[in-house]
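J.: Below, each chain spelled out in residue letters.
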Amino acid sequence: GQQVMQIPQYQHVQEGEDFTTYCNSSTTLSNIQWYKQRPGGHPVFLIQLVKSGEVKKQKRLTFQFGEAKKNSSLHITATQTTDVGTYFCAGRTGANNLFFGTGTRLTVIP
Amino acid sequence: NAGVTQTPKFQVLKTGQSMTLQCAQDMNHNSMYWYRQDPGMGLRLIYYSASEGTTDKGEVPNGYNVSRLNKREFSLRLESAAPSQTSVYFCASSTGQSNQPQHFGDGTRLSIL
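Quick note, the sequences are listed as chains A and V, same order. Here the first sequence is numbered in our numbering, starting from 1 and rising by one per residue. Here the second sequence is numbered in our numbering, starting from 1 and rising by one per residue.
These aren't lab readings, by the way, just hints derived from the structure by calculation. Quick caveat: nothing in here was measured; it's all calculated off a predicted structure. Ideal placement from N, C-alpha and C gives every residue a C-beta, glycine not left out.
Per the computed footprint, the stretches of chain A lying under chain V, defined by three or more beta-carbons under 8 Å from a beta-carbon of chain V, are:
1. 25-34
2. 39-47
3. 100-110
When the alpha-carbon atoms are kept at most 27 Å apart in a straight line, the in silico BS3-like pairs for lysine-lysine are as follows:
4. V:K57 <-> A:K70
5. A:K36 <-> V:K9
6. V:K9 <-> V:K57
7. A:K70 <-> A:K36
8. V:K57 <-> A:K36
9. A:K70 <-> A:K57
10. A:K51 <-> A:K36
11. A:K70 <-> A:K56
12. A:K36 <-> A:K56
From the structure, some residues in chain A lie toward chain V, with a derived Cβ separation under 10 Å:
13. V4
14. Q6
15. V50
16. N97
Isolated chain V, as found in the complex (with noise of 0.2 Å):
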């Protein structure tokens, strides 16, 4: 049981340059989130997608976008990369419900020279 797979695990982009980080689950979790991890900062959510065919903004959304493939996958767009975009990268899943915990990938460790 794979859990929350994250890809890929580094990565190294040019600013403006775009580029899409995959994520997908087999628990048959309903929700699915994003956050970003910076030195002191705590995780930070992106967006989140509470069931399939819904998306939202979390508490730091600007220079992203989500796609809800399926049930299984979630995944994070950067269209135009900056350099304040260099983060570890987070996705986590869970059953939606508000007493249930949230389980995560393993991330993806960006830079953005």
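Here chain A stands alone, though its shape is the one from the complex (with noise of 0.2 Å):
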């Protein structure tokens, strides 16, 4: 079945610090979500992409769009104390249903 992997797991940054992290899929996608998760709470949509090699940003957020379509990365850059919480992306093939990532938990220490 399809599956979505998502490094790291967990990162741990100093304020002011960058931010990556990735997302690799077995299959070929038609395209990839990112939602973010504050600790606590519901994951909240932040992009879509759907062409190969896109890129796009929100503000110090930077979302990539493998060529191939089969990973995609989100880069923050100089991480705030507001960028905590967990970071998925989602994907998708053709019609079917998102296979969400298992995403990264970011901390940024003051």
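Once you've looked at the hints, go ahead and assemble the two chains, each given alone in its own frame, into the complex.
T.: Written out as structure tokens, the structure reads:
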């Protein structure tokens, strides 16, 4: 079955340092979505990538979709304490349901 | 606009007890989903309803049943709770189109002793 692996599982950074999480799929994806879950909260949609090689930015967040549409990354520049949470990628093949990655829990040390 | 509302927020059950988790959305979404979230395992799909009147199994359906009561409501039932079902349960909804995001409720934290 479809699997979406995400690394690292945990990441601790000093405030102001950069952070990256990587997502890899065993199959080609039609699109990939990213979600953020604050501690004790629920996942909240951040962005969707559809095209091969696509890059999108949201302020300090940069999202990339690989050329083969099997991997994706989220990069945060100069982390802030408000970035704390777990970041999930979720991939879809065709019209099928989303398969969520295992998530990367980000801790930002002030 | 409440979005997706789940009840209850917390529940403790004894092994063998049954209960129903409720979910309602007010966004006129066609599709609704039930996930469970366990440490280190991300979100796993239990059941989903692509549209009113239909339900389908997801990745981990064993031990659960669902009912799409109407377009707004999608309930998840545990007939005989087991400790392995201790988890956080999230309901989500979407328009059903593949390029649209899912909107999540606040979750139900369920412990089975």
